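Turn these sequences into a full structure, and let the hints guide you.
Protein chains: 2
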Amino acid sequence: MKSEIWMLTLSVAMLAGCASTARPTDGVIALKSARGYHVGGERKTLSGLPVKEIRTNPQAPIRKSDPNGDYQFGQLYVQHFALASPAAKVPVLLWHGGGLSGVTWETTPDGRAGWHEYFMRAGYDTFVSDAVERGRASWARYPEINPVEPEHRTIDQAWDIFRFGPAGGYSADIGKQNAYAGMQFPVAAIDQFTKQFVARWTTSDAWIQGAYDALVQRVCPCVIIGHSQAGQFVYTAAQRAPDKVMAVVLVEPTSALDPAKFDPARVKHIPHLTVWGDYINDSALWQRYRNTAETYTNAIKKTGGTTDTIDLPAMGVRGNSHMVMMDRNSDDVARLVRDWLIKQGLEK
Amino acid sequence: MKSEIWMLTLSVAMLAGCASTARPTDGVIALKSARGYHVGGERKTLSGLPVKEIRTNPQAPIRKSDPNGDYQFGQLYVQHFALASPAAKVPVLLWHGGGLSGVTWETTPDGRAGWHEYFMRAGYDTFVSDAVERGRASWARYPEINPVEPEHRTIDQAWDIFRFGPAGGYSADIGKQNAYAGMQFPVAAIDQFTKQFVARWTTSDAWIQGAYDALVQRVCPCVIIGHSQAGQFVYTAAQRAPDKVMAVVLVEPTSALDPAKFDPARVKHIPHLTVWGDYINDSALWQRYRNTAETYTNAIKKTGGTTDTIDLPAMGVRGNSHMVMMDRNSDDVARLVRDWLIKQGLEK
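Just so you know, the protein sequences line up as chains A and B, in that order.
For the first sequence, the numbering used here gives the first residue as 1, with consecutive numbering after it.
For the second sequence, the numbering used here gives the first residue as 1, with consecutive numbering after it.
Check each hint, because a few of them may be wrong.
Each pair may be met inside one copy or between any two copies, as identical chains are not told apart.
[Stated by the list, open to error] Calculated cross-link-like contacts (lysine to aspartate or glutamate; reagent style EDC-like; alpha-carbon spacing at most 20 Å):
hint : residue 1 : residue 2
1    : LYS32     : ASP66
2    : LYS176    : ASP70
3    : LYS261    : GLU294
4    : LYS52     : ASP156
5    : LYS302    : ASP258
What the hints contain is simulated information worked out from the structure, not anything from laboratory work.
Everything numeric in this text was worked out from a predicted model, so none of it was measured.
Here's what the structure looks like:
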């Protein structure tokens, strides 16, 4: 049983950039292939709907549009970057959070390489997905297929929820923003960041899980790295395919599983890592999220499992927001995650 | 002036696979970087909307959701694959058609490499984009930002419009589909194909053009390859940035520009290629689309420009649908396009 907080094993030298693991930010990425496609989902036939009259553009004549017929829904989208010579034993799956898409892992809002490129350079095959109804996964008609309307997050809401600063601190005027002192998120690039927001539905969790489970069956064994809302999806995927998931990394999970309803022992052989940023003690919401996640991981630990934590501020690394993979020190945190994966024996 | 139909210069040996240009479907793709980000768009503030009560999942308690605040809209999404050693002089931009996203250019529905991978292997830096309101570009709230509701295409509609078979020939039962004899599109994989359908809006052409123009200013000089609805966007982009666009390739454009409103001479130095599949003579709709495109390209030709056509059935290549880049002979058609680009002096 390894129950210690993993951060305690990290040296100060490592945090200062003197780790033995090379920082993989330069050099060529040699790919065998780069493929994008959809996984999961099903066909549904709609009938009895009135034929509409639409214009395809403002100048076009009105034409009839018959919405009756077949549709696909419930699929996810994934992009597979297969390296010519992977250094890792298994690929890494990158699952984004709520109101976002796989773009989470790409270029940071201030134009640096994201975690997707980091892990490719580190030698991992990657699968970057858009969950059902986000991004390239597409979204189902409502209310005919999905019964409720979509939810669009405002930039104002994101400022508070993503812990860029004290609640109400957002301003479109960068000079008037009230960010936390030492904030690592590039708040001056908030417009660029929020262009990647996508609508979300509050009723599609089961579809999302079904598509993720199908992905795991198709492409794993693997490591899954998830962010925020992905907590429940990653933990459930591991419960349902404990032979396919070699390690679980959750960056600031906002949901987890009830240990009374899931069997923690079923995943005790799968090392679990959780990463937390700064300012959580300033937020009752975030204390609740962290407590929920730790209730689940502590239950795994009690059965003899490995559950480690990278608590950045406790390690002296201050200023990380909820969007750790976009923060100014994103490469440094990626390196900590990678070093943990190496410690689990996941590189050749 | 080169006004001949370019197909006439192609030899039969070339079509049979004996071209001097190597078929670039194997080997390593050496990337300098793989970046995804958004271009264009703007911020809008909404106010005076009622606060809603929502559940974030079926088990969650009802919570308030305030839709008042700032949003981004009107941006496109683009993924830039930068080769370590490009063979082409300029990158290629790949612009999809209506109701689709950049996935058009990725893995074919039956699992083969798409044109995106083809052009990377051929030595072109690529920019694969999702137009405004498609895929990872995200879409704006309606009716508050975009005034009208979205349009979702049925599989039934697509069967007819994409010329997979005679009108009304779609069936969810593959054995009962009525496809054209010799159809090159992998109709047995129609479910996989239609998972990539995305909703479209009939009112956002100006936003789409604005974002595309911003992309051209940012990443060109370049070649633009567009499909279907992209016709008007590609032709307009060339008119607006004739110094940035080195060549234009349209695969089955469904829209073009009115030569009376645009100056054909402004783009006469830019070689234009148009690619047409089979069964167009069976469809009044497609004859009209082709006529619209040729009215514009013929006007360019009259000013002394280079406007070539790859008319596949006229070359003896039968069975191509509207989704040429997914048809079974997609690599062969990509090779014809690439050979035309080489002829224009666009490779080193």
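Checked against the structure, which of the hints given earlier come out wrong?
Of the numbered hints, just 1 does not hold.
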